[in-house]
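Same order as they appear, the protein sequences are chains A and P. The first sequence: position 43 = 43 (the working numbering), numbered continuously. The second sequence: position 44 = 44 (the working numbering), numbered continuously.
For the record, the hints were derived by calculation from the structure and aren't laboratory data. In this text, all values refer to a predicted model and were calculated from it rather than measured experimentally. Glycine included, each C-beta is placed from N, C-alpha and C at the ideal position. Careful: at least some of the hints might be erroneous.
Some, not all, of what chain A presents toward chain P, calculated at C-beta under 7 Å [unchecked claim]: (1) 84; (2) 87; (3) 88; (4) 91; (5) 94; (6) 101.
Taking lysine to any residue and the SDA-like style, the derived pairs with C-alpha atoms no more than 25 Å apart in a straight line are [to be verified]: (7) P:71 to A:107; (8) P:71 to A:37; (9) P:92 to P:103.
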Amino acid sequence: MDSTNTSEFEFGNAEGFNSGTNQLESSESSKFIITEPELGNQSFLTQLEAFTPPITKVYERFDTVAEVVEFWILLDQEDREVKREIYGLEYDFMDRFGDMELITHVVPEGDFAESNITEDAKLIYIDE
Amino acid sequence: MSETDPTPSEHLSDARKNEDLAGDIQNIGKGKSNGWTITIYFYSALHYVDGKLAEDEITTENHGDRKQKIKHHISDRSLYQNYKELKCWSEKSRYKCWEASEDQVAFSKDDLSLIKSSLGYSD
Numbered sequence: 001m002d003s004t005n006t007s008e009f010e011f012g013n014a015e016g017f018n019s020g021t022n023q024l025e026s027s028e029s030s031k032f033i034i035t036e037p038e039l040g041n042q043s044f045l046t047q048l049e050a051f052t053p054p055i056t057k058v059y060e061r062f063d064t065v066a067e068v069v070e071f072w073i074l075l076d077q078e079d080r081e082v083k084r085e086i087y088g089l090e091y092d093f094m095d096r097f098g099d100m101e102l103i104t105h106v107v108p109e110g111d112f113a114e115s116n117i118t119e120d121a122k123l124i125y126i127d128e
Numbered sequence: 001m002s003e004t005d006p007t008p009s010e011h012l013s014d015a016r017k018n019e020d021l022a023g024d025i026q027n028i029g030k031g032k033s034n035g036w037t038i039t040i041y042f043y044s045a046l047h048y049v050d051g052k053l054a055e056d057e058i059t060t061e062n063h064g065d066r067k068q069k070i071k072h073h074i075s076d077r078s079l080y081q082n083y084k085e086l087k088c089w090s091e092k093s094r095y096k097c098w099e100a101s102e103d104q105v106a107f108s109k110d111d112l113s114l115i116k117s118s119l120g121y122s123d
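Could you build all of it, start to finish, from the sequences and the hints given here?
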């Protein structure tokens, strides 16, 4: 991923995603695309970086109507301890997204299908 | 709390009944009912949590509300980790046709035991 201030991140053409490029200002110190820095998002994702690997992909979705921020966090294989650590991060950051409820789904990549996520979910990290 | 909300002792009674039922099902099912055993352990945990909250006249409206109240009123990170693991396995078993292993049933039983201990309930 380009580490300059303005980076291009090309999402895949998988069904359910917007194809093309995103031009976002990404933190040079973060592997993730930070889409909502003013919430607890940046610090939450900074904590999540400690688990890359075994995290292979992360999708996020901000639903301001339903007041939910949701993450699908994919692992290279089943890992009970990493899952529990991420549940702990969810607990720690529960109050850091304003009125929005933070929900994490931690799934081995082999158990994940793109139909599991909503169309408005964005891929914010992929292991290179 | 309204007159129709369960009392702490009612929650505790349901929690213990569920816990006993889970054990019975596991014995009868001979490995074929692991998912339901875990699910019943989850609902036992739910009632232990709701029972503790009810001691302070706090009720829960749904899973999201319960999550917030675990954080703000029980304030126990480890309990949340155990609770969420039970919840996720219960949902995976019911909706994703997941076949839980004997190890996962044992972990679930441990999760419930740790939740009870955290809340000050004895075995």
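Here is what the structure says about each hint:
1. 84: With a minimum Cβ separation of about 5 Å from chain P (threshold 7 Å), the hint on residue 84 of chain A holds.
2. 87: With Cβ-Cβ at 4 Å, under 7 Å, it holds.
3. 88: This interface hint holds because 5 Å falls under the 7 Å limit.
4. 91: For residue 91 of chain A, the interface hint holds, since the closest Cβ of chain P sits about 4 Å away, which is under 7 Å.
5. 94: holds (5 Å)
6. 101: Holds - the Cβ of residue 101 of chain A comes within 7 Å of chain P, reaching about 5 Å at its closest.
7. P:71 to A:107: holds (24 Å)
8. P:71 to A:37: holds (23 Å)
9. P:92 to P:103: The given pair, whose Cα atoms are some 16 Å apart, holds under the 25 Å limit.
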